[in-house]
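Participant: Below, each chain spelled out in residue letters.
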Amino acid sequence: MRAYLPAYELKAPRDLGEALALLAREPGLWKPFAGGTDLMVLFAAGKLEHKKFLSLWQLKELKGIEVTPEAVTLGALTTYTEVLSHPVLASEFPLLGQAARETGGVATQNRGTLAGNIANASPAADSPPALLVYDAELELVSARGSRWVPYDAFHTGYKQMKLCPDELIRRLRLPRSSRPRQHYYRKVGTRKAQAISKVVFAGVAEVEGDTIRDLRLALGSVAPTVLRCRKTEDVLRGKSVEPATVALARTTLAEEISPIDDFRSTARYRRQISQNLLEDFLLSLQ
Amino acid sequence: MPEGGRVSIACKVNGHAHTLEVHPMARLLDLLRDELHLTGTKEGCGEGECGACSVLLDGELVNSCLVPALHADGADITTIEGIGGSSRLHAVQEAFITAGGAQCGICTPGMVLAAVNLLERNPNPTEEDVRTALAGNLCRCTGYVKIFDSVLRACQRTQAQT
Ligand SMILES: Cc1cc2nc3c(=O)[nH]c(=O)nc-3n(C[C@H](O)[C@H](O)[C@H](O)COP(=O)(O)OP(=O)(O)OC[C@H]3O[C@@H](n4cnc5c(N)ncnc54)[C@H](O)[C@@H]3O)c2cc1C
Ligand code: FES
Ligand code: FES
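Top to bottom, those sequences are chains A and B. Letter by letter, the first sequence follows residues 1 to 286 in the numbering used here. Letter by letter, the second sequence follows residues 1001 to 1162 in the numbering used here.
Since the hints were derived computationally from the structure, they do not count as laboratory data. Be aware that a few hints might be false.
Stated by the list, open to error - In silico lysine to aspartate or glutamate, EDC-like type, Cα no more than 16 Å apart, as pairs:
#, chain 1, residue 1, chain 2, residue 2
1, A, Lys192, B, Glu1049
2, A, Lys51, A, Glu26
3, A, Lys11, B, Asp1073
4, A, Lys47, B, Glu1047
5, B, Lys1146, B, Glu1127
6, A, Lys11, B, Glu1021
7, A, Lys192, B, Glu1128
8, A, Lys231, A, Glu255
9, A, Lys192, B, Asp1129
Stated by the list, open to error - Anything over 12 Å on all C-beta distances counts as not near chain A; from chain B, calculated:
#, residue
10, Thr1019
11, Gly1051
12, Asn1063
13, Asn1117
What the hints assert, rightly or not - Over 10 Å on every C-beta distance to chain A, these chain B residues come out as not near it, computed from the model:
#, residue
14, Gly1005
15, Lys1012
16, Leu1036
17, Thr1039
18, Asp1076
19, Gly1085
20, Arg1088
21, Gly1100
22, Leu1134
23, Ala1135
24, Arg1140
25, Arg1153
Beta carbons are placed, not taken as given, at the ideal position from N, Cα and C, and that holds for glycine.
Start from the sequences, fold in the hints, and give me the full structure.
Facilitator: Right, here's the structure in full:
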């Protein structure tokens, strides 16, 4: 059923301070509203829990991409289109661009934001696996102050996260690396454009000679949250890519993930594809 | 402001300035169709999937079914009516007619806006660029090939003119 308009409020605070003051005054009552590409879909379906929305779109404090020698810091409102047009992101964090390119079409990429993708907390979201393998950190702000948390520890369960009702995601930080890395990203869906992932896989590795010096793996749609796969990383770190290592990595990954059957795919397919993508990634390393 | 009350927004649509009293969560799509009677913008899915409601907002392609009225405040909007009409068609519209890019026509305004937006960003696209730019616009009639032909034909024509 279509939502009844007069029941809803959408307010546009002038600056971040005003937004945080409103959240502090009535925590939990106001729902942040960024590009609206998730919220408006729920709205159209009459499935929004909240009645009061706090527009972030106009807040300059949540915009912009800043590059320092140590890190690239992205405002919460950074859109997929902005990710795609940034040269440092393209050269050093290419998986984020790959995720952006495969997220919806141009119109969705123009309005959809990274913080919206994170806070919508879908286990099938496409940018979180890329953020996880790049060791992203999030800055959370409230009227009480600001704190940085590792993104890896942010999602605590299905649609659960370490975000207090009076807090907003303000920025994301990606530490830069001077060592050469190999990057791999694959989204498996029903069709190439506009499809939600059955499985999404992101991997980054540093290879020296034959040896995987370090690596990070993260998958989407295979657990209640997007998942950094540390156990699988552990059996691969310091190893060379040999058939026995690949086989061990495949079994470890199959145990580490917990995919389910749903309307998009089956647990069995998801487990098989996850293992195949891992192998494809490992065999691609040079 | 009373709870859930209307707010005043100012925006430009196809070059004309408007001040409107709207519910802040009303969809830009409804504002265009119902308040301004610009019915060239179509509703297909109402959930961001089909692109029938595409318009340009400050030069960027958006799905107007997902944009709340409040986010149109201060914006410069172009709908299909601002691209061209029966008295004067845009090169992309002409190409759709010549190459058979439109059948039932419900997807066409959105397709044309996505194509115009692409040609603004990239006047010389490859077929792959056209496919990517139109990936968010669904068509149930043409099978897409004639749509891609139309867009490529439009840029050849535009180039021939310049
Ligand atoms: C047609 C279509 C295709 C799509 N395809 C994909 C896809 O392929 N892959 C994919 O991952 N997603 C996809 N999406 C989903 C959506 O576009 C993304 O999740 C997008 O990044 C959401 O960002 P937003 O700014 O629009 O979020 P909004 O809808 O504004 O908000 C989403 C959630 O995040 C919260 N939020 C937003 N910003 C903040 C903040 N700064 N601090 C705290 N909370 C915040 C909101 O309260 C809300 O709960 C698609 C959506 C559509 C309509
Ligand atoms: S009606 Fe807006 S995308 Fe389908
Ligand atoms: S012409 Fe009918 S949907 Fe495209």
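Participant: Does each hint hold? Answer for all of them.
Facilitator: Results of checking the hints against the structure:
Simply put, Lys192/A and Glu1049/B have alpha-carbon atoms about 13 Å apart, close enough for the 16 Å limit, and the pair holds. Distance hint between Lys51/A and Glu26/A is fulfilled; the C-alpha atoms sit about 13 Å from each other, no more than 16 Å. Among the hinted pairs, Lys11/A with Asp1073/B is consistent with the structure: their alpha-carbon atoms are about 12 Å apart, no more than 16 Å. A C-alpha spacing of about 12 Å is found between Lys47/A and Glu1047/B, which places the hinted pair at or below 16 Å, so the restraint holds.
Pair hint Lys1146/B plus Glu1127/B holds up; C-alpha atoms about 12 Å apart against a cutoff of 16 Å. This hinted pair checks out: Lys11/A and Glu1021/B have alpha carbons roughly 15 Å apart, not beyond 16 Å. For the hint pairing Lys192/A with Glu1128/B, the CA-to-CA distance comes to about 13 Å; that is within 16 Å, so the pair holds. The straight-line distance between the Cα atoms of Lys231/A and Glu255/A is roughly 9 Å, inside the 16 Å bound, and the hint therefore holds.
Among the hinted pairs, Lys192/A with Asp1129/B is consistent with the structure: their alpha-carbon atoms are about 14 Å apart, no more than 16 Å. Once the 12 Å rule is applied to beta carbons, Thr1019/B is consistent with being away from chain A; the minimum gap is 17 Å. Against chain A, the non-interface label of Gly1051/B is violated: not every CB pair exceeds 12 Å, the least being about 6 Å. Distance check for Asn1063/B against chain A: the nearest CB is about 5 Å away, which does not clear 12 Å, and the non-interface claim fails.
Chain A draws Asn1117/B into its interface by the beta-carbon criterion, the shortest separation being 7 Å against a cut-off of 12 Å. For Gly1005/B, the requirement that its beta carbon stay farther than 10 Å from each beta carbon of chain A is not met, with the minimum near 8 Å. The claim that Lys1012/B is not at the interface with chain A holds, since no C-beta of that chain comes within 10 Å of its own (minimum 17 Å). Distance check for Leu1036/B against chain A: the nearest CB is about 17 Å away, which clears 10 Å, and the non-interface claim stands.
Distance check on Thr1039/B: its Cβ is at least 19 Å (rounded) from any Cβ of chain A, clearing the 10 Å threshold; non-interface status holds. Remark: the non-interface label on Asp1076/B is consistent with the geometry, its nearest Cβ contact in chain A lying 15 Å away (cut-off 10 Å). Even its closest Cβ contact with chain A, about 23 Å, leaves Gly1085/B beyond 10 Å, as expected for a residue assigned away from the interface. No Cβ of chain A approaches the Cβ of Arg1088/B within 10 Å, the least distance being about 26 Å, so the stated non-interface status holds.
Non-interface call for Gly1100/B relative to chain A: holds, since the shortest CB-CB distance, roughly 23 Å, exceeds 10 Å. With a closest Cβ-Cβ approach of about 8 Å to chain A, Leu1134/B is found to fall inside the 10 Å limit, against its non-interface label. Interface exclusion of Ala1135/B from chain A breaks down, the closest Cβ pair being 4 Å apart, not more than 10 Å. Listed as outside the interface, Arg1140/B is consistent with that label: its C-beta sits roughly 14 Å from the nearest C-beta of chain A, beyond the 10 Å cut-off.
Separation of Arg1153/B from chain A is adequate, the least Cβ-Cβ distance of about 21 Å exceeding the 10 Å criterion.
Checked against the numbered hints listed earlier, the structure breaks hints 11, 12, 13, 14, 22 and 23; every other hint is satisfied.
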